[in-house]
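Visitor: Spelled out, the chains give:
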Amino acid sequence: MSERLRFAGRRLLITIPVLFVLSVFVFLLIHLVPGDPVRTMLGFRATPENIARIRGELGLDRPLLAQYGTWLNNLVHGDLGRDYVSGASLTSLLRTSLPVTLELTSLSMVLATLVGVPLGVLAASRGRGWRSGTEGFVIAGISIPDFWLGIMLVLLFTGTLAWLPPSGYVKLTDDVARNLRYMVLPVLTLVIGETAYIARTARSAVEEALTKPFVGYLRAKGVAEKSIVFRHALRNAGVPIATVIGIQFGVLLGGSIVIEYAFGLPGVGKLTVVAINQRNYTVVQGGVLVLAAMFILVNLFVELMIGVIDPRVADGAGA
Amino acid sequence: MMTEPIPGPDATASGSLALDVRGLSVAYASARGAVSAVDDVSFAVASAEVVGLVGESGCGKSTVAASILGLLPHRAQMRGSIRFDGEELVGADAERMRHLRGNRIATIVQDPTSSLDPTFSIGEQIAETVRAHATVSRATAKQRALDVLAEVGIPDPRSRYDDPPHRLSGGMRQRVVIAAALVNDPTLIIADEPTTALDVTIQAQILALLLRLRDERGTAIVLITHDLGVVATVCDRVVTMYAGQVAEQAPVLALFAHPSHPYTTALLDSMPSAGQRPGGLQVIAGTVPDLAGALPGCRFAARCAHRGPRCEARPPLATVGEGHDVACWLVAGGVGL
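From first to last, the protein sequence lines stand for chains A and B.
Take the first sequence: its position 72, counting from 1, is numbered 71 in numbering that gives the first Met the number 0, and each next residue is one higher.
Take the second sequence: its position 115, counting from 1, is numbered 114 in numbering that gives the first Met the number 0, and each next residue is one higher.
Bear in mind the hints are in silico, worked out from the structure with no lab data behind them.
Calculated lysine-lysine pairs in the DSSO-like style (CA-CA distance at most 30 Å, straight line):
1. 211(A) - 225(A)
2. 141(B) - 225(A)
3. 141(B) - 211(A)
Covered stretches of chain A (in silico footprint by chain B; criterion: 3 or more residues with CB under 8 Å from a CB of chain B, positions within the stretch not fixed):
4. 218-226
5. 305-313
We treat Cβ as the ideally placed atom computed from N, Cα and C, and that holds for glycine.
Take the sequences, apply the hints, and build the full model.
Guide: Written out as structure tokens, the structure reads:
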């Protein structure tokens with residue numbers, strides 16, 4: 000147990016420099032804009048007074064390191080700056096948009112895992128029907144692009160069947176049932192591709208685990224086949240499966256940006272896309288920071304899970 | 000799996016035996032015709048007896064073990080009779096065989112490092128064997144696992160219980176496998192090369208442990224090995240197999256004193272002994288014959304220094320002493336016509 004705690008501590012410590020590097024990149028975002036960012040931001044409103052005022056507020060007239068120091072200090076205190084279009088603070092913008100993105104991505108990830116893992120296990124351990132059925136689903140799920148699938152789902156469920164609303168959003172805290180009705184199509188759009196990747200990884204990893212000598216020994220001990228597949232082979236396949244879930248979470252975040260925009264969900268992704276179009280750089284900074292931090296934290300969690308799944312990883316013994 | 004039980008000649012008398020294998024044959028269909036992996040093998044094991052199954056790789060030892068455990072691949076065709084504690088196993092249904100495995104017929108594997116699941120603790124893997132065969136609480140299963148871990152000499156089992164296999168030494172892992180074999184108090188243990196992967200000093204400890212358990216519990220043991228040194232140390236009787244057939248079987252002392260099959264003699268000559276000069280080791284010339292197609296004669300003939308015209312026909316099993324049978328024309332009236 001103490002080995003596991005040490006492993007968790009090491010992983011947490013490694014995350015700190017990663018978050019630091021992330022903050023540097025996000026901070027520099029505003030300086031990567033070609034030309035004068037303030038002039039670009041202000042567009043036709045770029046009068047000399049406005050430029051000077053915004054530049055002063057952003058602190059762009061100070062040395063770079065001092066700017067970063069102030070920015071990081073504000074960040075640590077929960078102040079991500081201000082939206083120059085609406086005048087709202089980024090913290091309040093994120094407070095309303097982050098729950099939307101969290102709901103969309105976590106629902107999608109959980110569903111994709113709950114369907115994809117058992118599907119992969121059955122494809123690896125049952126007859127040819129399961130195998131070829133899963134194979135077909137995987138190829139379709141990986142090949143179909145999210146945006147096209149989204150359009151088709153909207154055409155089918157709102158156009159032809161008229162079961163679901165095409166776009167819009169109701170807060171989860173206001174009305175759970177209506178919230179979920181708006182979530183069905185975006186979640187479904189994201190889930191199909193995710194499930195395909197997870198099922199494919201689970202299938203090959205479980206298949207490989209079932210060829211290991213310990214499977215023969217478990218049979219020789221009279222352990223039931225179901226337990227060999229779902230307890231032993233699945234746990235041995237757990238490291239690649241968890242790794243893919245972590246990586247796919249990044250893909251999912253990327254997908255959610257498109258999907259939020261397409262389905263009119265007021266999440267961090269939509270906030271960021273709109274901000275990019277408006278050249279609203281502080282909002283872009285905040286959105287990117289939040290999305291990237293989510294990816295890092297999910298992968299930290301995945302790494303901790305891997306340490307629990309395979310004790311050799313926690314011991315650094317090499318799997 | 001195609002099965003065709005044949006009652007043994009003394010099927011009724013075999014009730015006192017832990018294991019009675021009669022006329023066991025196993026064949027695999029292949030592109031080049033049926034491959035006869037095991038051909039007409041018969042031997043018996045009494046309770047508290049250690050019987051060695053000896054021969055080169057590919058001689059059919061492991062196929063015999065898999066037949067007893069009901070773990071042959073589906074394409075294998077099995078004939079003959081295997082009676083375990085009076086019960087016929089050839090043709091027994093899969094669920095019955097699963098219930099016997101790990102419960103009344105336990106296995107000790109050759110390579111505990113790859114045979115233990117690396118992701119589960121050693122304790123869980125033993126407790127799981129208990130729960131696969133009996134409806135007992137987790138606490139009871141754990142207690143039984145702790146008891147056998149102590150019995151096989153794992154120091155401080157309670158603190159070791161949650162350790163995954165990689166934290167144990169090879170010798171300790173082999174003890175874990177032995178503990179898993181013992182936990183349901185089996186009637187028969189099949190030990191497949193249990194000491195091959197271990198250092199010599201650890202080998203001696205493991206063999207001593209097996210003998211102690213046999214003495215204390217009266218468990219019958221089939222020891223599969225190619226190491227005649229191990230056979231001399233622990234076995235009561237020896238069955239020498241060659242190319243899927245029994246070449247010779249005898250009490251261990253008789254076998255070492257009067258080896259009567261040329262293959263047994265060759266095996267004994269190829270055994271390194273202390274004080275031997277370098278280069279003095281005898282090797283058996285030639286290789287095991289291809290087991291596909293018809294093999295009517297003595298399967299060892301091609302490598303045998305004594306072969307004669309009669310070796311074209313299959314030699315009968317001739318008795319040369321108390322419990323000492325040999326399948327060779329040399330003891331059945333000579334190799335000449």
